[in-house]
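Assemble the whole structure, with the sequences as input and the hints as a guide.
Note that the protein sequences, when read in sequence, are chains A and B.
Per the numbering used here, the first sequence starts with residue 39, numbered consecutively.
Per the numbering used here, the second sequence starts with residue 576, numbered consecutively.
The hints are simulated quantities; they were obtained by calculation from the structure and are not laboratory data.
Treat the hints with care, as some may be off.
Stated by the list, open to error - Quick list of in silico lysine-lysine cross-link-like pairs, BS3-like style, CA-CA up to 30 angstroms:
| no. | chain 1 | residue 1 | chain 2 | residue 2 |
| --- | --- | --- | --- | --- |
| 1 | B | Lys661 | A | Lys42 |
| 2 | A | Lys63 | B | Lys744 |
| 3 | B | Lys732 | A | Lys42 |
Only a predicted model underlies this, so the values are computations on that prediction, with no experimental measurement involved.
The residues making up each chain are set out below.
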Amino acid sequence: MITKLSHLCVYVLNQDSAYDFYVNKLGFSVHTDAPMGEGARWLTVTPPGQPELEITLFHVAEGGVFDKETVTTMTSLIKRGTFGAAVFTCNDIVATYEELKTKGVVFKKPPTKEFYGYEALFLDDSGNWFSLSQPNS
Amino acid sequence: MRWKIRCTDPIPGAQHIENKRGKRPGSFPSLSARPKRCPRQPRGISDARENSLSMEQYEKLYLYKRIVLAKLFIDRNFADNIDVDKIANQANFSKFHFIRLFKAICGKSPHNYLIGVRVEKAKKFLGDGISILDVSQQVGFESPTSFSATFKKMAGKTPSEYRNQLAVKRSAIHTNPLSAIPNCFAETHGWKR
Numbered sequence: 039m040i041t042k043l044s045h046l047c048v049y050v051l052n053q054d055s056a057y058d059f060y061v062n063k064l065g066f067s068v069h070t071d072a073p074m075g076e077g078a079r080w081l082t083v084t085p086p087g088q089p090e091l092e093i094t095l096f097h098v099a100e101g102g103v104f105d106k107e108t109v110t111t112m113t114s115l116i117k118r119g120t121f122g123a124a125v126f127t128c129n130d131i132v133a134t135y136e137e138l139k140t141k142g143v144v145f146k147k148p149p150t151k152e153f154y155g156y157e158a159l160f161l162d163d164s165g166n167w168f169s170l171s172q173p174n175s
Numbered sequence: 576m577r578w579k580i581r582c583t584d585p586i587p588g589a590q591h592i593e594n595k596r597g598k599r600p601g602s603f604p605s606l607s608a609r610p611k612r613c614p615r616q617p618r619g620i621s622d623a624r625e626n627s628l629s630m631e632q633y634e635k636l637y638l639y640k641r642i643v644l645a646k647l648f649i650d651r652n653f654a655d656n657i658d659v660d661k662i663a664n665q666a667n668f669s670k671f672h673f674i675r676l677f678k679a680i681c682g683k684s685p686h687n688y689l690i691g692v693r694v695e696k697a698k699k700f701l702g703d704g705i706s707i708l709d710v711s712q713q714v715g716f717e718s719p720t721s722f723s724a725t726f727k728k729m730a731g732k733t734p735s736e737y738r739n740q741l742a743v744k745r746s747a748i749h750t751n752p753l754s755a756i757p758n759c760f761a762e763t764h765g766w767k768r
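Given below as structure tokens:
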């Protein structure tokens, strides 16, 4: 029986920039930041209210199953905003939206009323989009 | 004159917030010019069923912006000698009105939020190898004693315990980086030997 999600993978184009976005703009905490040799880096962050969920910020680079063609394709798709990575929830979507916008986060959609609550869409520094939602109470 | 939201689709989470009409705008730069009329299309909220934002809703958004900027003021100035009086003054709220609004919007009091920011910054500085005395000063505590007590209350361990545990974890990762990584991720990157 599956009990919980422990790791979530988000493909990013630049880990330094992703670190700044997820830590300094979204307010996530760094869980592990370890050099893996030859320029590789294992970087995971955790959302403020969910310290057991590691979001791994995977650099799209050649190595392992990523050949040059795959890296080119992935980079293009991420930049185009193809991938929706996850849904984050918050207690107050207007306050969170205003705060993130002030910090420079780009929103594709402002808080909008949906049948399940309110939802906004924002992009990370690479081009992945996330849903920010405030469920109906 | 006091007022409350009466619309059918209010700004989420704002039903419990009240405001005094005629209150002067805050001192934050972006809030210096107060809007004179309600825009037809909502700036903060998009609603398929309601295209216009009432003046009351618009003023709620204005309040939200002031609280958010007060929060960001704390984020920037946590190391200085700031307290709730100063933060409320910056946002041009009365102290108790500010505390009530901040707690309603951010989920915790301004004081608790400030302490939380200081402790989180302290964790980072401790990880960077800065001494406990210097860390306590750099995050705005008056003394190392009060810093240690607050840190233990918030983090569940003393600053030195936190630093030692972090050092052990980092050492283990440095010695064997793959120990911190699920095998599937390591193989995907070609790190598995």
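Each hint, compared with the structure:
Simply put, Lys661 (chain B) and Lys42 (chain A) have alpha-carbon atoms about 43 angstroms apart, too far for the 30 angstroms limit, and the pair is violated. With a C-alpha separation of about 26 angstroms, the suggested pair Lys63 (chain A) and Lys744 (chain B) falls inside the 30 angstroms cut-off, and the hint holds. A C-alpha spacing of about 27 angstroms is found between Lys732 (chain B) and Lys42 (chain A), which places the hinted pair at or below 30 angstroms, so the restraint holds.
In this structure, only the earlier hint numbered 1 is contradicted, and the remaining ones agree with it.
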